[in-house]
Structure formats: structure tokens, C-alpha cells
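Can you build the whole structure from these sequences, using the hints too?
Just so you know, we're using my numbering here: the sequence shown kicks off at 1 and counts up by one.
In case anyone wonders, no lab produced these hints; they're calculated from the structure.
It is possible that some hints are incorrect.
[Unchecked claim] As a list, the in silico SDA-like pairs of lysine to any residue whose alpha-carbon atoms are at most 25 Å apart:
1. K131 - I109
2. K131 - F180
3. K131 - M160
4. K131 - L162
5. K131 - S159
6. K131 - I94
7. K131 - Q75
8. K131 - G96
9. K131 - L165
10. K131 - V89
11. K131 - G95
12. K131 - C85
13. K131 - Y106
14. K131 - L189
15. K131 - A52
[Stated by the list, open to error] DEER-style ranges, computed between Cβ atoms:
16. G17 - R161: 36 to 42 Å
17. I226 - I188: 38 to 44 Å
18. G190 - V217: 36 to 42 Å
Please read these numbers as outputs of a predicted model, since none were measured by experiment.
Glycine residues also receive a C-beta, built at the ideal position from the N, C-alpha and C atoms.
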Amino acid sequence: MVEWLVPADVGLTASVGLILFSAVTSFVTAAAGIGGGIMMVAIMAVLMPAQAVIPVHGVVQIGSNAGRTAILLRQVQWQVLAPFCAGSVVGAAIGGLTVVELPPAYLDIGLAFFILYSVWAPPVTAPGHFKVVATGVFSSFLTMFFGATGTFVSAMVKSMRLGRLEHVATHSACMVAQHFIKVVAFGILGFNFAPYAGLVIAMIISGFIGTWIGNHVLVKLVSDTIFHRVLAGLLSLLALRLLYEGVTLLGWV
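Encoded structure:
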């Protein structure tokens with residue numbers, strides 16, 4: 001049983017750590033609306049082989065976001081899903097076919113400015129279909145290389161000015177779709193998911209537990225006003241971190 005949960009190239013200690021961190025990062029995303037996916041991919045990058053991080057992270061995030069979507073199913077704004085999925089298919093296809101990696105510094109800087117604009121720009125009633133499709137294309141392209149693009153998608157959903165539950169539900173549904181498309185793309189490209197199956201299942205279960213606890217925090221302890229202030233702060237900090245990474249890679253600091 002233990003062997004089934006522990007991939008040979010990961011090890012017991014790292015596997016246990018990944019299972020525990022899956023619960024913690026799912027709690028963070030469910031309670032705060034953002035941040036868990038980036039935390040998870042950063043942890044996996046330390047504890048797993050580099051070639052497995054992005055595809056395995058995609059499967060784990062399907063489970064984590066599916067749990068949030070199921071818990072908040074009635075709050076999902078379904079009209080966003082069709083254009084977002086259409087864009088995601090295009091973005092994943094382009095990412096899968098791209099053989100020359102774009103300079104990460106420019107991607108980081110561009111993503112940072114987009115997030116800051118989306119967070120602090122004047123309110124709009126809802127994003128147009130073009131913006132939703134474009135977000136699907138660009139974020140799915142990025143996720144083939146960097147894994148965690150939830151911040152980018154959350155910035156688009158935030159522009160809809162939804163309540164805290166509707167925001168988390170709609171963002172989670174978009175991420176389920178995007179990660180599913182990404183996992184299919186990696187399968188087509190030949191990645192073997194089988195050695196990681198047991199670990200992934202355990203991480204999804206622990207992630208659901210973290211989601212359930214985080215959702216109770218979100219419902220009972222956080223108002224819409226506090227939620228959006230925290231979300232704006234987290235998005236801005238993550239954007240500034242991306243901006244710093246970008247200018248550092250360019251040698252400007």
C-alpha cells in the first residue's frame with residue numbers, strides 16, 4: 001500500500017509532505033480565493049522531478065478545484081465557461097506545439113502588469129466574451145510551461161465583481177476546465193501519469209479536506225468587503241513578485 005502511494009522518484013518523506021501541503025494549499029485557495037495553486041507548484045518543484053511537476057500538478061489541481069466547484073456548484077457563473085474553454089483549447093494547443101520557450105522575463109512582466117490593471121482598473125459589469133476567450137488562450141498557453149496561472153484567471157473573474165462565493169466557484173470551474181485540457185495535452189505529448197496515480201489520489205483527497213475547511217471559513221468568517229480587499233492585496237503582491245522576478249531575470253536589479 002505504501003509503495004503505491006510513493007513514486008520511486010519522489011520518496012516517502014517528500015510524498016507525505018506533498019499530501020499534507022495539498023490540504024494546506026487547498027485551504028488557502030478556498031478561504032482566500034487565490035494563491036494555493038502557485039504555492040503547490042512551488043512546493044512540487046522542490047520535492048518532485050522537474051519533468052513531472054507541471055503535468056502532475058495539473059491532475060492534482062483538477063481534483064482540488066473540482067472539490068470547490070462541487071461544494072459551491074450553485075454559485076458558478078456558467079456563462080463564462082464556454083468562451084473560456086474555447087480559448088483554453090487554443091492556448092494549450094499552441095503551448096504544446098511550441099518548441100522555443102518564450103523568454104520568461106517578458107512573460108512575468110507582462111502578466112504582472114495585466115494582473116495589476118485588472119485588480120485596480122475602474123469596475124466593469126462583466127468581462128466581454130473576447131476578454132474571457134483571450135484569458136483562456138493566454139493562461140492555458142502559460143500553464144503548459146509554468147503550471148499555476150490561477151492568479152491570471154482570478155484577475156479576469158474579479159473584473160466581474162461577483163460575491164465571494166460566486167468568485168471562488170466560477171474561478172474553480174474555470175480552473176477545472178483549464179487543467180483538464182492541459183492534462184489531456186500532456187497525455188497526447190506522451191507523459192506517463194501511471195507512476196504517480198496513488199500519490200495524486202491521496203493529494204486530491206487531502207486537498208478536498210482542506211477545501212471543505214477553507215469553505216467554512218469563507219462562508220462564516222469573511223464578508224464580501226473583506227474578501228475583495230484580501231483578494232486584491234494577494235493578487236497585487238503576487239503581481240509584484242512576478243514583476244520583480246522578471247526584472248531580475250533581465251538583470252535590471
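Hinted pair, alpha-carbon criterion (25 Å max): K131, I109. Please report holds or violated. holds (19 Å)
Hint check: K131 vs Q75, CA-CA at most 25 Å. Holds or violated? holds (21 Å)
Checking one constraint from the list: CA of K131 to CA of L189, max 25 Å. Satisfied? Not OK: K131 and L189 at ~29 Å, beyond 25 Å, violated.
Could one say that the CB atoms of G17 and R161 fall in the range 36 to 42 Å? holds (38 Å)
When you check the alpha-carbon spacing of K131 and L162, does it fall within 25 Å? holds (17 Å)
Keeping to a limit of 25 Å between CA atoms, is the pair of K131 and G96 held or broken? holds (22 Å)
Pairwise hint evaluation, G95 against K131, where the allowed Cα distance is 25 Å at most: The given pair, whose Cα atoms are some 19 Å apart, holds under the 25 Å limit.
Verdict for I226, I188 (Cβ pair) under range 38 to 44 Å: holds (43 Å)
Proposed proximity, Y106 with K131 (alpha carbon, max 25 Å): holds (21 Å)
Is it true that the CA of K131 sits at most 25 Å from the CA of L165? holds (22 Å)
Is K131 close enough to A52, meaning Cα to Cα at most 25 Å? Measuring from Cα to Cα gives roughly 31 Å; hence the hint is violated.
Holds or violated: K131 with C85, Cα cutoff 25 Å? holds (13 Å)
Taken one by one, the earlier hints fail for this structure at numbers 14, 15, listed in ascending order.
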